[in-house]
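Build the full structure now, drawing on both the sequences and the hints.
If you use our numbering, the sequence shown closes out at 74, no skipped numbers anywhere.
By construction, these hints were calculated from the structure, which means they are not laboratory data. On a predicted model such as this, the values are computed, not experimentally measured, just so you know. All clues stand as given, with none of them false.
Result set (BS3-like, lysine-lysine): computed pairs, CA atoms no more than 25 Å apart in a straight line:
id	residue 1	residue 2
1	Lys50	Lys34
2	Lys72	Lys12
3	Lys18	Lys50
4	Lys50	Lys12
5	Lys18	Lys55
6	Lys55	Lys8
7	Lys72	Lys55
8	Lys50	Lys8
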Amino acid sequence: MTKQAPIEPQKLVKLLEKLGYVNKTTDGLHAIFQREGNVKSIMIQQTRDLTPALLKQVLIKVSDQTGVSINTLNDMLKEM
-5 MTKQAPIEPQ
5 KLVKLLEKLG
15 YVNKTTDGLH
25 AIFQREGNVK
35 SIMIQQTRDL
45 TPALLKQVLI
55 KVSDQTGVSI
65 NTLNDMLKEM
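Written out as structure tokens, the structure reads:
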């Protein structure tokens, strides 16, 4: 089985910022994003190696918090 190429973390960061998330990261080990008025935050632990599985987990959380479908989020990510 071949390993899928990692996703560019910059694209995900741009998508989150476009959706109103603010980067609350204080160190380089992980990234924390939070939306205004939202108690929950999204933490990405492997910012250098954003695998498709990790991306899916993040998009599920974003979809739950924003109400935007995962398919729409994937399309937005591809456009970036």
